[in-house]
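Participant: Listed below are the residues making up each chain.
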Amino acid sequence: MTRSARSYRVGHRSGSHRSRSYRAGAIPALLVIPAVAGLAFLVLPLAGLVLEAPWGTLLTRLTDPAVLAALRLSLIAATSATALCLVLGIPLAWLLARSRFPGRRLLRSLVTVPLVLPPVVGGVALLLVLGRNGLIGQYLQSWFGVSLPFTTAGVIVAEAFVAMPFLVIAVDGALRGADQRFEEAAATLGASRWLIFRKVTLPMAAPGIGAGAVLCWARALGEFGATITFAGNFPGETQTMPLAVYLALESDPEAAIVLSLVLLAVSIAVLVILRDKWIRPAS
Amino acid sequence: MSLDGSIGLRRGSGFTVDIDIAAGAGETVGLLGPNGAGKSTALRGLAGLLPLAAGHLILDGEVLDHADDNVFVPPERRAVGVVFQDYLLFPHLSVVDNVAFGLRAVGVRRSEARSRAYASLQRLGMERYAQQRPGSLSGGQSQRIALERALITDPRLLLLDEPLAALDASTKIEVRSGLKEHLGDFTGITVLVTHDPLDAMVLADRLLIVQDGRVIQDGTPAQIARHPLTDYVANLVGVNLLRGTSDGTVVSLDDGGQITAASSHQGPVMVAFSPTAVSLHVDHPVGSARNSWPVKIRGLENHGLTTRIDLTGPPEVLADITPAAVADLGLSPGSRLWAQLKASEIRVYPG
Numbered sequence: 001m002t003r004s005a006r007s008y009r010v011g012h013r014s015g016s017h018r019s020r021s022y023r024a025g026a027i028p029a030l031l032v033i034p035a036v037a038g039l040a041f042l043v044l045p046l047a048g049l050v051l052e053a054p055w056g057t058l059l060t061r062l063t064d065p066a067v068l069a070a071l072r073l074s075l076i077a078a079t080s081a082t083a084l085c086l087v088l089g090i091p092l093a094w095l096l097a098r099s100r101f102p103g104r105r106l107l108r109s110l111v112t113v114p115l116v117l118p119p120v121v122g123g124v125a126l127l128l129v130l131g132r133n134g135l136i137g138q139y140l141q142s143w144f145g146v147s148l149p150f151t152t153a154g155v156i157v158a159e160a161f162v163a164m165p166f167l168v169i170a171v172d173g174a175l176r177g178a179d180q181r182f183e184e185a186a187a188t189l190g191a192s193r194w195l196i197f198r199k200v201t202l203p204m205a206a207p208g209i210g211a212g213a214v215l216c217w218a219r220a221l222g223e224f225g226a227t228i229t230f231a232g233n234f235p236g237e238t239q240t241m242p243l244a245v246y247l248a249l250e251s252d253p254e255a256a257i258v259l260s261l262v263l264l265a266v267s268i269a270v271l272v273i274l275r276d277k278w279i280r281p282a283s
Numbered sequence: 001m002s003l004d005g006s007i008g009l010r011r012g013s014g015f016t017v018d019i020d021i022a023a024g025a026g027e028t029v030g031l032l033g034p035n036g037a038g039k040s041t042a043l044r045g046l047a048g049l050l051p052l053a054a055g056h057l058i059l060d061g062e063v064l065d066h067a068d069d070n071v072f073v074p075p076e077r078r079a080v081g082v083v084f085q086d087y088l089l090f091p092h093l094s095v096v097d098n099v100a101f102g103l104r105a106v107g108v109r110r111s112e113a114r115s116r117a118y119a120s121l122q123r124l125g126m127e128r129y130a131q132q133r134p135g136s137l138s139g140g141q142s143q144r145i146a147l148e149r150a151l152i153t154d155p156r157l158l159l160l161d162e163p164l165a166a167l168d169a170s171t172k173i174e175v176r177s178g179l180k181e182h183l184g185d186f187t188g189i190t191v192l193v194t195h196d197p198l199d200a201m202v203l204a205d206r207l208l209i210v211q212d213g214r215v216i217q218d219g220t221p222a223q224i225a226r227h228p229l230t231d232y233v234a235n236l237v238g239v240n241l242l243r244g245t246s247d248g249t250v251v252s253l254d255d256g257g258q259i260t261a262a263s264s265h266q267g268p269v270m271v272a273f274s275p276t277a278v279s280l281h282v283d284h285p286v287g288s289a290r291n292s293w294p295v296k297i298r299g300l301e302n303h304g305l306t307t308r309i310d311l312t313g314p315p316e317v318l319a320d321i322t323p324a325a326v327a328d329l330g331l332s333p334g335s336r337l338w339a340q341l342k343a344s345e346i347r348v349y350p351g
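Protein chains in written order, with my numbering: chain A, 1 to 283; chain B, 1 to 351.
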């Protein structure tokens with residue numbers, strides 16, 4: 001059986017089929033040039049960043065108090081924003097994925113608006129609503145004495161606003177793709193809806209939630225427009241890494257390169273984590 | 001303990017299910033029918049996963065669902081256990097936590113739930129799998145765990161949805177006899193859904209034959225095998241079923257031909273006989289059998305130890321003979337033969 005199958009295949013290889021399939025898979029020369037140019041366009045700037053980096057002084061640069069402060073603030077703000085997104089975004093995703101009400105599809109598109117909105121517009125919108133004289137901000141100020149703009153909390157709010165759609169979309173997809181019969185099985189075993197959500201729905205959607213959280217965190221870490229508009233640019237308080245990069249470019253280009261390198265490293269790390277754990281290459 | 005249900009459900013595209021079901025303590029009722037007949041839909045109604053569109057469901061005097069009175073007890077508050085077709089063991093929980101799930105759900109403390117679940121695994125001789133994920137279990141083991149998970153909270157009604165369909169033929173026989181034993185010990189009511197007549201015959205005390213969302217016959221497996229009411233049921237339980245009009249012992253069949261039975265009847269009747277009662281001969285047989293007629297082979301189908309042969313008539317019948325006989329007689333589709341049937345093998349009943 002194996003022999004005949006093998007000889008069959010060999011026969012094919014020497015026959016006309018091979019050259020025909022070869023031609024079908026070949027890339028027209030006219031496409032090769034723009035394809036290579038496109039690749040270079042995407043990769044060369046990043047390669048330049050790595051090449052231009054002041055490797056000799058990298059360590060001292062990284063331990064510079066100003067850089068460390070920006071790094072620390074960025075990590076705290078992005079992590080807090082991700083936590084906020086998880087607390088608000090998972091229930092929202094559940095609502096979108098599982099409940100049935102009129103206008104659900106409209107709501108789903110609304111949720112994704114921050115994804116395509118210029119972040120600076122998001123910052124303006126946040127100022128209008130949560131600013132000191134904003135629709136809600138004025139009551140936050142007069143009732144609780146809380147003011148969000150130009151504070152670290154404001155950074156977190158701005159980052160969460162921009163990053164939450166990433167989480168909601170990922171979790172929504174995971175919940176919609178999950179086999180709901182497991183939840184039915186849990187119900188027949190006597191589990192309340194809340195218990196089912198905690199013990200069955202959430203754990204089974206965990207890979208999707210994890211992927212969404214990582215994407216959300218990476219987006220928050222790189223947030224610039226909404227942050228600088230809503231929270232300003234105060235070192236140690238609201239100056240995150242991307243803001244520090246932008247500012248350093250004027251005064252100290254080497255510092256800007258070092259900070260950029262850190263952000264690039266984080267981005268690549270995120271890709272690697274996602275690829276190994278959650279994103280199965282479609283091959 | 002009693003179950004009294006009138007299960008009225010609607011599925012998309014105008015399909016309706018209307019099944020009356022009643023059972024007493026310790027009884028196993030089998031819903032037998034082809035795929036898509038509405039059996040599993042009915043089971044979802046019993047479990048509370050689908051509210052009834054019409055009818056009622058009363059278990060032990062407690063109204064679980066009543067379409068007219070707007071009463072509906074959700075699945076988590078019903079004393080009902082379900083074993084699903086592909087078992088649906090939680091893939092993220094260990095085997096012991098799967099079994100303990102129902103206990104945890106009703107508020108038993110974690111340590112106690114675990115130890116009770118572990119004890120039941122020991123009883124099954126499966127304690128070495130306690131910490132493993134269910135993905136590492138075989139089909140038969142998964143079925144045992146799913147059954148144990150459903151039974152640990154002492155349900156009064158146990159629902160089994162095609163419990164053996166996911167198993168391969170060799171494990172099926174063993175798991176089926178194990179399941180039979182378990183159902184024998186179970187004091188509550190069991191409702192079993194299957195499309196496999198043998199599973200139904202072996203496991204159920206009483207059968208409801210379901211077709212197009214309706215019960216077309218109701219009785220013990222033996223009753224139904226002896227007196228199938230439609231061609232479908234006859235086929236299902238492997239019985240030739242012919243309709244005709246009887247005058248004395250001679251039955252004139254509706255589709256042509258005559259059969260002489262041992263017993264005497266008057267008026268419309270059904271004639272039933274096993275495919276094994278039909279013998280095949282190359283030449284016109286001479287002998288004691290009163291029924292012999294020329295036939296042509298329409299098709300042959302192997303069923304393990306026997307070959308079922310589809311014969312044109314009239315009357316058209318099924319015959320079961322051994323593969324050796326098929327070879328000896330050189331049978332193939334289109335072969336012309338004589339069929340013979342002993343009157344003593346024929347059952348006639350008014351229909």
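No wet-lab data here; the hints were simulated from the structure.
In this text, a Cβ means the ideal position worked out from N, Cα and C, and glycines have one as well.
Errors might be hidden in some of the hints.
Simulated coverage check for chain B against chain A, where a stretch passes if three residues somewhere in it have a Cβ under 8 Å from a Cβ of chain A [unchecked claim]:
| id | stretch |
| --- | --- |
| 1 | 16-24 |
| 2 | 71-80 |
A few chain A positions that, by computed beta-carbon distances, are all more than 10 Å from chain B [unchecked claim]:
| id | residue |
| --- | --- |
| 3 | L58 |
| 4 | A186 |
| 5 | A187 |
| 6 | M204 |
| 7 | V272 |
Below, a list of computed lysine to aspartate or glutamate pairs in the DMTMM-like style, where the Cα atoms sit at most 25 Å apart [unchecked claim]:
| id | chain 1 | residue 1 | chain 2 | residue 2 |
| --- | --- | --- | --- | --- |
| 8 | B | K172 | B | D185 |
| 9 | A | K199 | B | D254 |
| 10 | B | K296 | B | D254 |
| 11 | B | K296 | B | D310 |
| 12 | A | K199 | B | D328 |
| 13 | A | K199 | B | D185 |
| 14 | A | K199 | B | E62 |
| 15 | B | K296 | B | D328 |
| 16 | A | K199 | B | D196 |
Participant: Hint by hint, say whether it matches the structure.
Facilitator: Verification of the supplied hints:
{"no.": "1", "hint": "16-24", "result": "violated (count 0)"}
{"no.": "2", "hint": "71-80", "result": "holds (count 6)"}
{"no.": "3", "hint": "L58", "result": "holds (43 Å)"}
{"no.": "4", "hint": "A186", "result": "violated (7 Å)"}
{"no.": "5", "hint": "A187", "result": "violated (4 Å)"}
{"no.": "6", "hint": "M204", "result": "violated (6 Å)"}
{"no.": "7", "hint": "V272", "result": "holds (25 Å)"}
{"no.": "8", "hint": "K172(B) <-> D185(B)", "result": "holds (20 Å)"}
{"no.": "9", "hint": "K199(A) <-> D254(B)", "result": "violated (61 Å)"}
{"no.": "10", "hint": "K296(B) <-> D254(B)", "result": "holds (19 Å)"}
{"no.": "11", "hint": "K296(B) <-> D310(B)", "result": "holds (9 Å)"}
{"no.": "12", "hint": "K199(A) <-> D328(B)", "result": "violated (63 Å)"}
{"no.": "13", "hint": "K199(A) <-> D185(B)", "result": "violated (31 Å)"}
{"no.": "14", "hint": "K199(A) <-> E62(B)", "result": "violated (29 Å)"}
{"no.": "15", "hint": "K296(B) <-> D328(B)", "result": "holds (17 Å)"}
{"no.": "16", "hint": "K199(A) <-> D196(B)", "result": "violated (35 Å)"}
The structure fails to meet hints 1, 4, 5, 6, 9, 12, 13, 14, 16 from the earlier list, while all remaining hints are met.
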